[in-house]
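Enquirer: In case you want the letters, here they are:
There are 2 protein chains.
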Amino acid sequence: MDGRQFDVEVTGLVAAAVGGDRRAVARLLSWAENAPSRWPALGAALAPHTGSAEIIGLTGPPGVGKSTATAALARAYRAAGRRVGVVAVDPSSPVTGGALLGDRIRMAELAGDPGIFVRSLASRGHLGGLALATAQALRVLDAAGFDPLLVETVGVGQAEADIVALADTTCLLLAPGAGDGVQAVKAGLLEVADILVVNKIDQPGAGRTVADLTAMLRLRVDAGASAPPGVVRLAAAQGEGIDTLVERIAAHRRGLAATGELEHRRVARAAAEIRALALAALRARLAAAEQQVDLDSLARAVAAGTADPASAADRLLAALT
Amino acid sequence: MDGRQFDVEVTGLVAAAVGGDRRAVARLLSWAENAPSRWPALGAALAPHTGSAEIIGLTGPPGVGKSTATAALARAYRAAGRRVGVVAVDPSSPVTGGALLGDRIRMAELAGDPGIFVRSLASRGHLGGLALATAQALRVLDAAGFDPLLVETVGVGQAEADIVALADTTCLLLAPGAGDGVQAVKAGLLEVADILVVNKIDQPGAGRTVADLTAMLRLRVDAGASAPPGVVRLAAAQGEGIDTLVERIAAHRRGLAATGELEHRRVARAAAEIRALALAALRARLAAAEQQVDLDSLARAVAAGTADPASAADRLLAALT
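Quick mapping for you: the protein sequence lines, in order, are chains A and B. Under our numbering, the first residue of the first sequence is numbered 1, with each subsequent residue one higher. Under our numbering, the first residue of the second sequence is numbered 1001, with each subsequent residue one higher.
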């Protein structure tokens, strides 16, 4: 792997992206999504330009209006003169789906604005998973001067939890009647959420949803967790509550910075990424070892009861180079 | 790791469990759940006694009546003179929850029947995950002569999909109004389900749920997948449809055996287990390497932009023993 940092193509594109070339950004994002072999060179070239952008995660069950809220947030930050990067991630889809924000937002009023960059990422099944690809994509947009970066996920599973862990501030969106909070709670998202939002606050049942969430927050506080501020009431489609959400996100970040937690989170995130990259490399070596020891024969012996799984695993590990 | 197969305690308990000693079975199940260090010895001692039990998985969103259906199935198999093992698995819970089948069924009419053994498994966060622990637990019950083995999961996430992959025949349960099928579809459970069941068929909206599922099945057939038989209509609490479900499970298994697919699935399952055990060992080595190279310092350098993640991952891998 020596010399891999010196990828002339990557270095040139990163310089262009830092200088504001959107086509260079798009090309680098494609590599972030599809070309893990480029990541070492990409990481080395991007490192001096990254680490400053604010990263905001938006997650919640399908149907709560995450895309609408993300677009409204993006407009609010644009109105404040900031350049906004948006990454919409769908771990459940093998290819970029039409339902994703990226496709819709590009066709909407934000298209053509050089101060915004929107990208959809979908799972392509490569080693290391979508969270690693998302981390690279965020680094590309950060280096290209976009700040804040909004990360929207489609659902509330473990893959989504891994992705929102990339954010400094995570907003969990729920809505009356659309995808109850049970799945979000089971996926542990309530624990990782910094700000709880009830969207579609103008719809029937919104009061009940706010009350349920407030009760859950009280339970969390009772259990000794830090007390978060109350639920944000949003009607993203009408733009109501967006200013409050923007202020709450800013206040959360100020709090993180003041306590040193922001630095702590960023170091923890870097550690998780290093660990995930190492594990992806080990998985690749394991796949090679499977070929070498003929895993299928070992598996037949285990299925037939003539070998035990642990001894077979040892054979596999012994073949690891 | 030499000599680890010769664990006198394990060998003795396995002999007792094979002979019908329930306390030995309970002890071995505890090791399956909590003591990965015992798994090699356990696997070696169990291997000659395993591989014959029929494994039936039941999965679906919360609230569809999986526990009731599992209990009804268990009673039906008992009535047919079979000894039934039940493993209820909750990947979302760090400790065994009161909502799990095991706790309820133990207190119900099945308690005290030596022909049934019920065990709840919950995630304890050990390396390798709950699917590996479940595989060991199934092997213990198989060796102790329980057949069929029913595996019930609590939700429809990826962890549940890994667990139902341990079954020869997987039943996906849905119910009108309780947890729509969208999450199940997203988790890929519709693809792995061998038999689709609509429970609570006597409740309002059941016709719609059956129609939706039938439409989804048609889409699957159109996409070239093998055509499964239609949806099973169940009212588990009233015992209606259980005979049909039992017959459909038996028919599915006959089909698997006739085509060689049963053997194919069991070998694939053994391969997955060997791979997972090897990966768990690699994760443990990685954790040791993290201590050695001071991952925290590496992560600080990456967060500060003075190092790139891939080079840091290489440092980590170089320290792997």
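Among the hints, a few may not be true.
Stated by the list, open to error - Every beta carbon over 12 Å from chain B, so not counted as near; a handful from chain A, in silico:
id: 1; residue: P40
id: 2; residue: G43
id: 3; residue: A206
id: 4; residue: A301
What the hints assert, rightly or not - On the chain B side, residues computed to face chain A include the following (Cβ under 8 Å):
id: 5; residue: P1040
id: 6; residue: Y1077
id: 7; residue: G1081
id: 8; residue: R1082
id: 9; residue: L1277
id: 10; residue: A1278
id: 11; residue: L1279
id: 12; residue: L1282
id: 13; residue: A1284
id: 14; residue: Q1292
id: 15; residue: D1296
id: 16; residue: L1298
id: 17; residue: A1299
id: 18; residue: A1303
id: 19; residue: A1304
id: 20; residue: D1308
Think of the hints as simulated: they come from the structure by calculation, not from any bench. We put the CB at the ideal spot given by N, CA and C, even for glycine.
Enquirer: Any of the earlier hints contradicted here, and which numbers?
Expert: Numbers 1, 2, 4, 6, 7, 8, 13 and 14 - these are the hints that the structure violates, sorted from lowest upward.
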